[in-house]
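**Student:** Here are the chains, one letter per residue:
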Amino acid sequence: MRVYFRSGATREASWRKQQLKGLLAFLKENEGDIMKALKQDLGKHYAEAYRDEVGTLIKSLNFALQSLKRWMSPKKAELPLMALLSTAEVMPEPLGLILVFSSWNFPIGLSLEPLIGALAAGNTVVLKPSDLSPACSSLLANTLRSYLDNRAVKVIQGGAAVGEKLLQERWDKIFFTGSTQVGRIVMSAAAKHLTPVILELGGKCPAVLDSLSWNWDREASIKRILVGKFGTCAGQACITIDYVLVEKESLSTVVEMMKEITGKMFGENPRESNSIARIVNKSHFLRLKNLVDDPAVKASIVHGGKMDEDNLFIEPTILVDPPLESEIMTEEIFGPLLPIISLEKIEESMEFIKSRPKPLAIYVFTRSKTLERRILSETSSGSVTFNDAIVQYAADTIPFGGVGKSGIGRYHGNYSFEAFSHEKAVVRRSFFTDFWFRYPPWNDHKLQLFKTAYNFDYLGMLLVILGLKRIKASHMV
Amino acid sequence: METTGEEVEASLVEARQTFKSGHTRSVVWRKKQLEALIQLIHDNEDKIFEALYDDLGKHQAEAYRDEVGVVLKAANYALSNLQKWMAPKRSSIPLLFFPAKGELQPEPLGVVLIFSSWNFPISLTLDPLIGAISAGNTVAVKPSEQAPACSSFLAKYIPLYMDCKAIKVMQGGPQVSENLLQHKWDKIFFTGSPRVGQIVMSAAAKHLTPVTLELGGKCPTILDSLSNPSDMKVAVKRIVGGKWGPCSGQACIGVDYLLVEEKMAPTVIELLKKTIKRFYGQVPIESKSLARIVNKHHFERLCNLLRDPRVANTIIHGGSVDEDNLFMEPTILLDPPVDAEIMSEEIFGPLLPIITLKKIEESVEFIKSRPKPLTIYAFTKDESLKRRIVSETSSGSVVFNDVMIQFLCDTLPFGGVDQSGFGRYHGKYSFDSFSHEKAIMQGSFFPEIEPRYPPWNHFKMKFIRLAYALDYFGLLLHLLGLKR
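Protein chains in written order, with my numbering: chain A, 0 to 476; chain B, 14 to 497.
Hints were generated in silico from the structure; no laboratory data involved.
Computed from a prediction, not measured in an experiment: that's the story for all the values here.
Treat the hints loosely; a few may be bogus.
Claimed, not checked - Below 25 Å or equal to it, Euclidean Cα-Cα: the simulated DSS-like pairs (lysine-lysine) are:
| hint | chain 1 | residue 1 | chain 2 | residue 2 |
| --- | --- | --- | --- | --- |
| 1 | A | Lys164 | A | Lys153 |
| 2 | B | Lys475 | A | Lys58 |
| 3 | B | Lys475 | A | Lys263 |
| 4 | B | Lys394 | A | Lys75 |
| 5 | A | Lys68 | B | Lys102 |
| 6 | A | Lys353 | B | Lys33 |
| 7 | B | Lys97 | B | Lys399 |
| 8 | B | Lys219 | A | Lys404 |
| 9 | B | Lys371 | B | Lys394 |
| 10 | B | Lys197 | A | Lys404 |
| 11 | B | Lys475 | A | Lys38 |
| 12 | B | Lys399 | A | Lys74 |
| 13 | B | Lys475 | A | Lys20 |
| 14 | B | Lys178 | B | Lys33 |
| 15 | A | Lys368 | B | Lys114 |
| 16 | A | Lys38 | A | Lys368 |
| 17 | A | Lys74 | B | Lys441 |
| 18 | B | Lys475 | A | Lys35 |
| 19 | A | Lys68 | B | Lys473 |
| 20 | B | Lys97 | A | Lys74 |
| 21 | B | Lys399 | A | Lys75 |
| 22 | B | Lys178 | A | Lys353 |
| 23 | B | Lys399 | A | Lys353 |
| 24 | B | Lys97 | A | Lys368 |
| 25 | B | Lys473 | A | Lys58 |
| 26 | B | Lys287 | B | Lys276 |
| 27 | A | Lys75 | B | Lys102 |
| 28 | B | Lys97 | A | Lys75 |
| 29 | A | Lys38 | B | Lys473 |
| 30 | A | Lys27 | B | Lys475 |
| 31 | B | Lys473 | A | Lys35 |
| 32 | A | Lys16 | A | Lys27 |
| 33 | A | Lys153 | A | Lys27 |
| 34 | B | Lys394 | A | Lys74 |
| 35 | A | Lys258 | B | Lys114 |
| 36 | B | Lys86 | A | Lys74 |
Start from the sequences, fold in the hints, and give me the full structure.
**Tutor:** Written out as structure tokens, the structure is:
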């Protein structure tokens with residue numbers, strides 16, 4: 000693949016456009032199979048699968064196709080007058096060979112979204128989808144090849160052993176979406192070859208639900224929280240709402256509303272409803288079951304709680320004030336369990352969030368400008384979304400990435416192109432202007448000229464040259 | 014002199030507390046630190062020159078040009094632009110999310126660690142420090158112990174001028190570095206060799222700490238035949254200035270080796286010898302304009318490069334060394350074997366190999382088959398050669414018809430690619446390097462779009478399709494229940 004990259008074929012704009020169009024065709028012509036695979040791996044409803052995976056990819060591809068020319072063009076860099084008759088620009092170029100690891104919860108979306116960036120930037124790519132979503136992994140491995148240049152894009156299937164082997168090779172960049180724990184392994188392996196990485200990890204994304212005086216606001220907020228939790232791969236998403244913070248005063252209203260709306264969205268018998276995804280496998284199912292086995296946690300369940308191991312189904316479950324030291328409040332939940340933590344005053348949410356690792360996203364539902372300002376200036380997270388949830392994923396114009404334990408680097412839209420490019424500085428100088436004081440042998444006069452030059456003190460320079468000015472004298476060696 | 018384990022621990026705790034207090038986020042604090050740094054330099058310029066002379070034998074002019082001046086310029090640039098950099102940037106949000114608004118807000122990362130190299134011990138410590146402070150972080154810097162006078166100077170004077178609760182200077186060698194690397198930082202900025210860069214990144218991986226690595230490489234210089242003899246003279250002057258001028262060749266962006274066409278070689282060599290004599294005199298060891306080799310270890314390393322008999326045979330100028338004074342005179346070699354160490358390792362010293370090619374276009378292949386360097390220099394007026402160099406090779410940067418000056422431009426990113434490093438700084442890139450750009454989406458409670466929520470049905474499915482296709486008219490019709 001390196002040989003193919005060296006040939007320069009992937010650098011042509013026409014080649015890149017062809018690949019992107021190929022991906023569009025893949026999505027349009029295989030929508031049915033993609034939906035089937037997602038249903039098989041995760042029990043996702045058609046609408047959810049389209050909304051979170053196919054739809055976002057189509058949008059990103061159209062955006063990339065439209066913007067490609069602009070992204071590829073060099074950008075002029077301004078130079079000071081001192082640089083006389085020189086020009087400089089910053090020119091993007093592909094890095095070379097990219098390795099993309101994707102996660103099992105959005106197996107199509109998280110595989111192809113980085114691929115869009117890597118191909119738009121002119122690289123060759125190896126993609127390793129997660130083996131925990133085998134139907135999607137096979138689909139990608141078997142079908143993508145008819146739509147893309149096989150000399151430049153390869154899909155490799157497998158589990159941890161395959162991942163390890165891939166990590167031993169040398170790559171020009173590694174893009175990883177997954178858990179913090181595996182992120183460390185990826186970065187350590189990358190360090191051996193000094194390979195830069197992008198790590199899209201997770202964390203516990205909090206939602207701060209302020210007391211809202213209007214019912215309209217309250218309802219909209221809760222609907223958005225619930226669909227962001229239970230309606231997004233059953234809570235198995237890095238940007239899902241992990242837990243909610245509310246004021247004690249509003250607690251009962253909020254819980255009542257949540258129960259009511261959950262019922263409306265997912266039906267009285269959620270298992271019959273086809274609107275909620277399944278847990279990906281037994282191991283994660285047991286992990287989630289374990290979170291509520293703790294008696295103190297079980298006691299805090301106010302809605303739901305039913306689990307069906309055979310069908311890997313957990314119904315939307317709401318908990319109120321489980322103990323903060325319990326695992327459900329210290330580990331990323333990644334499932335349809337929603338703890339609500341009550342505080343005396345909503346402002347305490349600041350301290351609550353600050354004392355925990357920086358999350359990928361913070362959600363705040365409020366009409367208070369003061370609260371908004373405080374959250375923005377006192378907390379740190381990959382992103383902050385006010386009065387909505389999850390939608391930031393679909394906006395091509397803002398970067399998507401974490402900070403601290405939630406990750407390194409970012410992508411989406413223009414940022415995807417940048418993530419897989421090297422921005423090369425190119426300077427063109429003239430022979431004509433040659434300042435004699437640039438060259439040894441050194442003397443005080445030349446030192447004086449350096450001082451004026453660095454200060455862009457053109458008049459000063461002239462005066463020094465004419466012998467009419469002297470900068471602070473220094474002791475000559 | 015060496016910072017102990019307890020001191021590291023205590024410093025880190027204090028730096029973290031200071032950061033948590035929010036004190037370093039104010040524009041007032043940041044400006045004050047930058048102004049203090051400028052004052053530190055103005056008040057102690059002589060001492061800085063002395064320290065650089067002690068450690069590396071640098072002449073004041075070189076010390077000003079490559080270190081003092083660079084830092085002053087960077088600090089002033091940061092001061093003038095700070096408020097602009099700190100301001101949030103509006104970002105457009107697709108119409109689909111109307112009336113949502115988007116914004117990008119830079120925020121400091123927290124407590125950052127900066128390792129600097131010994132060849133430009135003042136500027137490679139203070140330039141990244143300027144970036145880290147501008148971005149509102151608290152900082153620990155560890156200058157290289159191989160430039161002890163400069164390291165002591167920084168350890169003594171930084172606390173006298175700057176906020177010592179927020180900016181810490183650590184002193185010592187590999188053990189202190191190891192100790193520092195065991196702790197958790199919010200970012201690590203490293204300038205040095207690829208070997209140590211690997212150690213830094215591996216340590217950073219344990220805490221998922223982002224890193225910027227400014228490494229090295231062999232920066233090739235292509236010298237094409239220039240028809241105008243005065244252009245040729247200027248080119249050679251710049252090459253000589255770019256090889257022996259910065260720290261006697263001990264610079265990451267210094268000219269490592271020269272590529273010329275066979276038939277040009279004699280002319281080029283003559284010009285080189287003439288220029289060297291002009292710059293450094295008949296007896297270079299007496300010239301005050303040449304830096305020294307930093308220490309015995311590197312001196313030995315360089316002598317070793319010449320010990321290979323196949324290499325020693327190719328010396329056509331210079332070659333004499335003075336161990337007591339750690340001095341090596343400007344040395345030129347003609348076509349040493351390309352598999353010798355002098356052509357496979359970064360030289361980092363005053364030895365200039367000239368590699369001759371049949372045609373100058375072969376230089377592109379020569380460079381491509383080697384690791385990506387920090388910079389490629391090319392002296393040519395041939396537009397198609399320039400185009401080929403830019404599009405077929407990859408490097409941190411490319412400079413046509415000059416050397417080193419990309420380092421001085423605040424508007425150009427300074428960093429490597431592949432083995433020469435990743436990440437970049439200078440100017441706003443420094444600020445960005447030590448910031449996290451937080452994405453902010455300002456959503457609205459109104460309108461409320463029912464098709465966003467389960468239970469799913471055909472109507473909602475159609476809505477979602479139309480939405481992603483950005484088919485707003487179709488969406489409207491759909492909502493109104495009109496078929497298309």
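**Student:** With reference to the structure, classify each hint as holding or not holding.
**Tutor:** Status of each hint after checking the structure:
Proposed proximity of lysine 164(A) and lysine 153(A) is supported: the alpha carbons are some 15 Å apart, at most 25 Å. For the proposed pair lysine 475(B) and lysine 58(A), the alpha carbon gap of about 15 Å is at most 25 Å, so the pair holds. A hinted pair counts as satisfied when its Cα atoms are at most 25 Å apart, and lysine 475(B) with lysine 263(A) qualifies at roughly 21 Å. Only pairs whose Cα atoms come within 25 Å are accepted, and lysine 394(B) paired with lysine 75(A) is accepted, the gap being roughly 21 Å.
With a C-alpha separation of about 24 Å, the suggested pair lysine 68(A) and lysine 102(B) falls inside the 25 Å cut-off, and the hint holds. At most 25 Å may separate the alpha-carbon atoms for a hinted pair to count; lysine 353(A) and lysine 33(B) meet this at roughly 10 Å. For the hint linking lysine 97(B) to lysine 399(B), the alpha-carbon distance of about 36 Å lies beyond 25 Å, and the restraint is violated. Taking the CA atoms of lysine 219(B) and lysine 404(A), the gap is about 11 Å. The hint holds against a cut of 25 Å.
Under the criterion of a C-alpha separation no larger than 25 Å, the hint pairing lysine 371(B) with lysine 394(B) is consistent with the structure, at around 18 Å. Distance restraint check for lysine 197(B) and lysine 404(A): the Cα-Cα separation of roughly 11 Å lies within the 25 Å cut-off, and the hinted pair is therefore satisfied. As the CA atoms of lysine 475(B) and lysine 38(A) are separated by approximately 19 Å, the hinted pair is consistent with the 25 Å bound. Proximity of lysine 399(B) to lysine 74(A) is assessed by CA-CA distance (about 18 Å); at most 25 Å being required, the pair is judged to hold.
Restraint check for lysine 475(B) and lysine 20(A): the C-alpha separation of about 23 Å stays at or below 25 Å, so the hint holds. Using a Cα cut-off of 25 Å, the hinted pair lysine 178(B) and lysine 33(B) holds, with the two alpha carbons roughly 12 Å apart. Under the criterion of a C-alpha separation no larger than 25 Å, the hint pairing lysine 368(A) with lysine 114(B) is consistent with the structure, at around 15 Å. Distance restraint check for lysine 38(A) and lysine 368(A): the Cα-Cα separation of roughly 42 Å exceeds the 25 Å cut-off, and the hinted pair is therefore not satisfied.
Of the pairs offered as hints, the one joining lysine 74(A) and lysine 441(B) holds, with about 15 Å between alpha carbons and a cut-off of 25 Å not exceeded. A distance of roughly 18 Å separates the Cα atoms of lysine 475(B) and lysine 35(A); the hinted pair therefore holds under the 25 Å criterion. With a C-alpha separation of about 35 Å, the suggested pairing of lysine 68(A) with lysine 473(B) is violated against the 25 Å cut-off. Among the hinted pairs, lysine 97(B) with lysine 74(A) is consistent with the structure: their alpha-carbon atoms are about 20 Å apart, no more than 25 Å.
A distance of roughly 17 Å separates the Cα atoms of lysine 399(B) and lysine 75(A); the hinted pair therefore holds under the 25 Å criterion. The suggested pairing of lysine 178(B) with lysine 353(A) holds, with an alpha-carbon distance near 21 Å, which does not exceed 25 Å. Proposed proximity of lysine 399(B) and lysine 353(A) is contradicted: the alpha carbons are some 52 Å apart, above 25 Å. A hinted pair counts as satisfied when its Cα atoms are at most 25 Å apart, and lysine 97(B) with lysine 368(A) qualifies at roughly 23 Å.
Under the criterion of a C-alpha separation no larger than 25 Å, the hint pairing lysine 473(B) with lysine 58(A) is consistent with the structure, at around 18 Å. Straight-line distance between C-alpha atoms of lysine 287(B) and lysine 276(B) comes to about 19 Å, which keeps the hinted pair within the 25 Å bound. Proposed proximity of lysine 75(A) and lysine 102(B) is supported: the alpha carbons are some 21 Å apart, at most 25 Å. Of the supplied pair hints, the one linking lysine 97(B) and lysine 75(A) holds, its CA atoms being roughly 20 Å apart against a limit of 25 Å.
For a cut-off of 25 Å, the pair hint linking lysine 38(A) to lysine 473(B) stands: about 18 Å separates their Cα positions. Annotation: proposed proximity of lysine 27(A) to lysine 475(B) holds, straight-line Cα distance about 15 Å (limit 25 Å). Using a Cα cut-off of 25 Å, the hinted pair lysine 473(B) and lysine 35(A) holds, with the two alpha carbons roughly 19 Å apart. Proposed proximity of lysine 16(A) and lysine 27(A) is supported: the alpha carbons are some 16 Å apart, at most 25 Å.
Taking the CA atoms of lysine 153(A) and lysine 27(A), the gap is about 20 Å. The hint holds against a cut of 25 Å. For a cut-off of 25 Å, the pair hint linking lysine 394(B) to lysine 74(A) stands: about 22 Å separates their Cα positions. A C-alpha spacing of about 31 Å is found between lysine 258(A) and lysine 114(B), which places the hinted pair above 25 Å, so the restraint is violated. Between lysine 86(B) and lysine 74(A), the direct Cα distance comes to roughly 23 Å. Compliance with the 25 Å bound is thereby established for this hinted pair.
Hint check: violations occur at hints 7, 16, 19, 23 and 35; the rest are consistent with the structure.
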